[in-house]
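Student: Here is what each chain is made of, one letter per residue.
Protein chains: 6
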Amino acid sequence: MTDNNFNQPLGGNQMPRFGGPGTMFRLPSSDISNDLDIGILGVPLDIGASNRSGTRFGPRSVRNESVLVRPYGMYTKAAPFDSFQIADIGDAPINTFNLADSIRIIEEHYDTVMASNIKPVTVGGDHTISLPILRALHKKHGMMALVHVDAHADINDSMFGEKECHGTIFRRAIEEGLVDPKKMIQIGQRATGYSAGDFQWAVDRGVRVVQAEECWLKSLAPLMEEVREIIGGDTPTYLTFDIDGIDPAFAPGTGTPEPAGLTSPQALEIIRGMWGTNLIGADLVEVSPPYDTSGNTSLLAANLIFEMLCSFPGCIRR
Amino acid sequence: MTDNNFNQPLGGNQMPRFGGPGTMFRLPSSDISNDLDIGILGVPLDIGASNRSGTRFGPRSVRNESVLVRPYGMYTKAAPFDSFQIADIGDAPINTFNLADSIRIIEEHYDTVMASNIKPVTVGGDHTISLPILRALHKKHGMMALVHVDAHADINDSMFGEKECHGTIFRRAIEEGLVDPKKMIQIGQRATGYSAGDFQWAVDRGVRVVQAEECWLKSLAPLMEEVREIIGGDTPTYLTFDIDGIDPAFAPGTGTPEPAGLTSPQALEIIRGMWGTNLIGADLVEVSPPYDTSGNTSLLAANLIFEMLCSFPGCIRR
Amino acid sequence: MTDNNFNQPLGGNQMPRFGGPGTMFRLPSSDISNDLDIGILGVPLDIGASNRSGTRFGPRSVRNESVLVRPYGMYTKAAPFDSFQIADIGDAPINTFNLADSIRIIEEHYDTVMASNIKPVTVGGDHTISLPILRALHKKHGMMALVHVDAHADINDSMFGEKECHGTIFRRAIEEGLVDPKKMIQIGQRATGYSAGDFQWAVDRGVRVVQAEECWLKSLAPLMEEVREIIGGDTPTYLTFDIDGIDPAFAPGTGTPEPAGLTSPQALEIIRGMWGTNLIGADLVEVSPPYDTSGNTSLLAANLIFEMLCSFPGCIRR
Amino acid sequence: MTDNNFNQPLGGNQMPRFGGPGTMFRLPSSDISNDLDIGILGVPLDIGASNRSGTRFGPRSVRNESVLVRPYGMYTKAAPFDSFQIADIGDAPINTFNLADSIRIIEEHYDTVMASNIKPVTVGGDHTISLPILRALHKKHGMMALVHVDAHADINDSMFGEKECHGTIFRRAIEEGLVDPKKMIQIGQRATGYSAGDFQWAVDRGVRVVQAEECWLKSLAPLMEEVREIIGGDTPTYLTFDIDGIDPAFAPGTGTPEPAGLTSPQALEIIRGMWGTNLIGADLVEVSPPYDTSGNTSLLAANLIFEMLCSFPGCIRR
Amino acid sequence: MTDNNFNQPLGGNQMPRFGGPGTMFRLPSSDISNDLDIGILGVPLDIGASNRSGTRFGPRSVRNESVLVRPYGMYTKAAPFDSFQIADIGDAPINTFNLADSIRIIEEHYDTVMASNIKPVTVGGDHTISLPILRALHKKHGMMALVHVDAHADINDSMFGEKECHGTIFRRAIEEGLVDPKKMIQIGQRATGYSAGDFQWAVDRGVRVVQAEECWLKSLAPLMEEVREIIGGDTPTYLTFDIDGIDPAFAPGTGTPEPAGLTSPQALEIIRGMWGTNLIGADLVEVSPPYDTSGNTSLLAANLIFEMLCSFPGCIRR
Amino acid sequence: MTDNNFNQPLGGNQMPRFGGPGTMFRLPSSDISNDLDIGILGVPLDIGASNRSGTRFGPRSVRNESVLVRPYGMYTKAAPFDSFQIADIGDAPINTFNLADSIRIIEEHYDTVMASNIKPVTVGGDHTISLPILRALHKKHGMMALVHVDAHADINDSMFGEKECHGTIFRRAIEEGLVDPKKMIQIGQRATGYSAGDFQWAVDRGVRVVQAEECWLKSLAPLMEEVREIIGGDTPTYLTFDIDGIDPAFAPGTGTPEPAGLTSPQALEIIRGMWGTNLIGADLVEVSPPYDTSGNTSLLAANLIFEMLCSFPGCIRR
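Residue numbers (UniProt numbering), protein chains in the order written: chain V, 1 to 318; chain R, 1 to 318; chain D, 1 to 318; chain E, 1 to 318; chain Z, 1 to 318; chain H, 1 to 318.
It is worth saying that the hints were derived from the structure and are not from the lab. Every clue listed holds true.
The list makes no distinction among identical chains, and a pair is therefore deemed to hold if it is satisfied within one copy or across any two copies.
Straight line, CA to CA, 27 Å or less: simulated DSS-like cross-link-like pairs of lysine-lysine: (1) Lys139 <-> Lys163; (2) Lys218 <-> Lys77; (3) Lys140 <-> Lys182; (4) Lys77 <-> Lys182; (5) Lys218 <-> Lys182.
Here chain V stands alone, though its shape is the one from the complex:
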């Protein structure tokens, strides 16, 4: 069915879905190498999280549930495995006893990924990991556009005196010039904050903040049209998707759930709406398997990662 030699997920008619390798989509595993277009990798860090832990098991669990994902999008007709050479390139070897050291290790790991011209698609881990990833990508791409789906703005100046943890990273990313706040869109923020103006710091810098209330009962296709206009088709663009942007009904397995969030159709609309941007990397973070009693949050995450693959420039539609 494929018209090239790209890696294909191991199919359900070759090995039952509950067997086979423990890689994402049962793709081949690979070293970091120039032969790849896209590399899917895990960062099993959870010591940057402020409430429930457990996202350290996110990469393993999302891989486990990804066995159900098949190679073609039935609505978009997207065919990522016919379009790109994709592999599972393993996990970043974080130091689980030391957050600062882990941030350093992650950045170095992604420096290597970038040196091989691989577009990284990452599964976390807590949201802290996006900061060192953005730092590494910035070295190659310069200032990036950012689409940030999340229940929280993650723009605290510090938490418990620490400057780098899962609630501060996008203030750091803006301060360091990694992302362009005028090409940054935050979607799904809601619930309660330390002050009534918690989101203002970003707004003041030009970020488009789309609170969850603005999304209720609406298709987000028009919003994504606006997003693509804000960003433009050439700007290197990163997508960071915190699973807690989605309502806990759809994604119960996460560490800081907030009520009344996005629906899973809206999540698909957002990711599918990235098609047309110059997507150069993406992550899916904050899946916490101990709180995901059915496995369905990990399964949703695996599907979102598939949809991310479909939104990279050059993905064929059949």
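Given chain V, put chains R, D, E, Z and H in place with the hints provided.
Tutor: What follows is chains R, D, E, Z and H alone, placed relative to chain V:
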């Protein structure tokens, strides 16, 4: 309250809901007999499933949770237990070590049911069971109309070389002339497939395929109006409802969940929208209790089965 | 950040969210005292429930999960802890072996609360507790308006021969003149009943009954405008919120779940829509932790209680 | 295989274990009738419990898991279904809103059972139920011997002012002369009490109290020899088995678990050691399914009930 | 630390335990090849099981939990990874819709394994898989000795008319001459049977059957001395370990649990007692992850598999 | 019942066990003060753990389950609340983003505790916390004796390059002279290690290491006699109890479970055997609530903490 001698569910004021017999709705159990209008029965088969197992416990678990269902629909005013003689007629004795033999057993079991002029309402079990049920019903009713709610089209030609399992049955049903593809409507298909054209085989034969994306954020009442027009009021019509048609937020306990599906209000709209067709049988399949940690998927299934009863021709509205 | 000496929740930067006292929102605990504007208290009763038990653990569990709630509403800009002196005033010491005696104890406990001019915000426990609470509040406020969110009408005349349990309380409240049925609105009723006319007794007395079907796919802001008009801005108004009013997808951990209920955004719209009424008390009932495997139902409940605080007259918006 | 017409459990080769009727051991259900030697019945009461609730689901859950029990004891060679006419005679219709009324209903229900000369084997429900059962049996048998397995002595004078609940029943049974304290043995008591002398009231009346510490690392066969000597072979003897007598490692699903209890082999030794007494009834109480996440506590309970059947006088050994 | 070039498990100081490849013990994965001494592989079959399903996920789950196992036995001082070239050789691609076909596939797969002179250590899957494994090993080794740990004898002639499923395999193995019944020891059988003589068929053929009751409260070291004497040091010996041989307290996650089984220390004694036999292969079957809510059954299984590695002839003790 | 004014746990007849304050044993909470003999406190740290996380919720969960513990030991007759002034003194405010900083905070917090002459009984949190606790206690008591129950020796030199985390602390404690290795006893070590000599470093320094295998099937009372002899009655002695010393059957909810550990009766024998030493503090660590699906590990932990209170010098026996 009833104006006849029909079986009534054991009421919550006679026996607390957590006690009493383990039958559906705490109805009397009955042999297969001509005295019944509708028979509710279980088919505890799960060896036709390709990913997670566990639907073998579906009939027991749906019966357990059905204790909360009361005899009148509060919105539709439907009164099925005032309208029909209904009983729990037990389970089909499948051979759990042999799928082909189980398919044979199920067909024979439903031959007996049909010989007694009972309209069967079945709780599965994986979706494989609908094929032998349709075969048995076809002997009486001829080619039927089919409303099929599901995340998947179930029209693969074969899986792992097998022609009859939970992913191939509706290709078989069309090939064998059991159902009329021009009077067949599939609702809720989505996510990923083995090829971008997985749904085309059915479309090519005249099936109306309503992907989940077409349903997002909409009432399905207009769709059901269209469905009733397609089918016509006289055609013997079967309803097969795979619980995975519904989004895993609402129905987490199933074996092959797919994100961004129907909502439970939409599920009710579909089943209520069958009122006006010549419904001659229905099934509710793919509830997998080991993945239903709260029991609420089974509870939803029990309510859907109640709504099915309300949509049979002749059901009184009060 | 606060401009007064009101109690503040222990912040996440002083003590990690998983530590600190086991009080609601990690507020100080307090005796019942005239110094408080609002008292949050628990009533750990579940022997008035007819199906699944477990709500006895509701107060503890909702307090446990409330640690994630921060002091400001990010959409409403409401600042309840800058507006009122609020404390956790502990639990009512119910007699778990005797429902009638518990009803008596609860009423006496709330007599004491009312004697201190505390506006009570209660976390249950099963819905039976609202009856003695209303009795105590009636002594101070006279006949009250009532907004009642619930999957059920709770207006049975008796259950298993008992006049006072979780399914009969609002018939009692109307009969006793505690609430004015013409200023009573029920929202979210649905599914099945003992008779097709189960809701009629209330309708006949002037209650506005908004079945769940009327709410599907709609913003409830217009409904709440109607509610405020029905009630008027001066009438002492009580809000009683049964978590099962919300769909089990969003609130799985409850004892008598019914499919196709309200969404959590709609729940927020209802409580936020109480702003503008003369709210004098509120309760959140029927959270059953043993069926809440992720803890997210308790977390939702904690957020709803926060939103209740924001809707009391005088709550500052920043 | 059987040499009579006694009811037989539905076999695993006739219907797979996950199908078939929801009765204990998949036996036929029966009305209370003189045709039975032994009746197995449920009492789904849990409002007499002081800590976790949920035992109301004990009868249903133990029946569900009992499907795995086969008709012959592989070590004892006991053949109860070749020895007695046994059926599942359903549940006692307790009033879940009123403990005192439930106690009355249970006694009346067992009066009926005794009137039919059925030996009752009961699955609870919380331990309160043993008191009305003993009252009914006392009318026929007079003062009985009692073997009582439990983590607790259940001899409080009152709890929260109530004289009859799950922690007071054996004080009542002794005071009322239902059981002979000199022929009463309590096994498995442990952990903590309201006073250091909590067990003394029973000891003072002649009860043999075997604390769990005396059982650690020992076969209980010698103890049971002593028990049989104390009781004598003719005295009508009742066995009441609280599942919390067993360590929570083996029986996690219960409401007031205490560490360092009996092992499941010791539980079997106790029940098998009843062989040789004049056993006239037995109960198994305090299984709380919401805390039994694997179902294995209910499965253990079902096996213990099977072993009880094997210890009735006249049970054939093959 | 190792004195050769054998594969080593990825260490916890190189990659945190929750990261890294999804292989057993985080060993390298390998094709079936002559370079290996021992190959660990999975057979994800569960359609041969008669009660609860779910063992299809056994291989994946045991691998997941195996990350905690380190390379040296602290009591035995055994060092398997210093002694043998060991790799994870993946899963046998069973046909989940057809038991007979799966049995054929498994045998062929093990024919290939044997052709490469790999000693197989298998993780199941239900117990059916041991039959085709033994068939393949028999071609190389001839009639083997067998140590069989299990709650059940698995010597039914047929189940539901089928000759080959998880309850019949050892009757087949004896009938076909795969194992020598005089060098076959069954340990841990218990609970209930279809007839009181269920174990007799094996005893009659010379099998040493050690019921669980004989093991209670005893070290099994003397038994294993007897086992080694029965077998002799040269006879090719296979160890098949059904996790349900162990008590459900220690191993809750299994499909047909029976009370009062072996303890986990006894399980270690058995496997360690295999040291001194000519062990040529082993399997660990019947772990059912959906019923293993803490993951600890899989973790125990992973440790048992480690201990199996330590008992192969030639394993160095340090 | 008490003969003094010491704090008493809130009794089950004053407030049902599922209500009341969220403190340990429902004792009063207190500031750190000279009025106390013993202070129970939590350290909700889990970022020092190498495998599963979640022990951050240990203090909250153990307090929740402690409601079932009553004030008197039924076997020992110990009466700690008649003997000492005991209170819940809250949690140490660790920095969850920084392990080194947390270790510093904990030490300072315990410096304050020691300044008030409070004997600390701590509930963790991961085992890292024992190191700063010992450092603080050492300032007052000098070199201490140590009884250390654990599946692991926790004497690695470093892990992932870090010198202070949950696997290295007792090497640090010996190196720093906090504990006297000749008066140090480790009990329960087992399973697998990084080298066959992992335990030797401690043995070489005089530590008495009692591997789990030495404990199987034995009363540990004789061992504890030996322990008391080794330590002597005057030496200030600390007890550190890692819940994973106990077998996962009894204590499933922990982060690095190892099979074939101590039983809960043995755990009681160890703690009760501390009676007679000069116990000056104790901790109970590594309870991980997300893996404790029944809550029973936390309940066991609460009982062990009660038993610790009973073993402090001066505890009255009644």
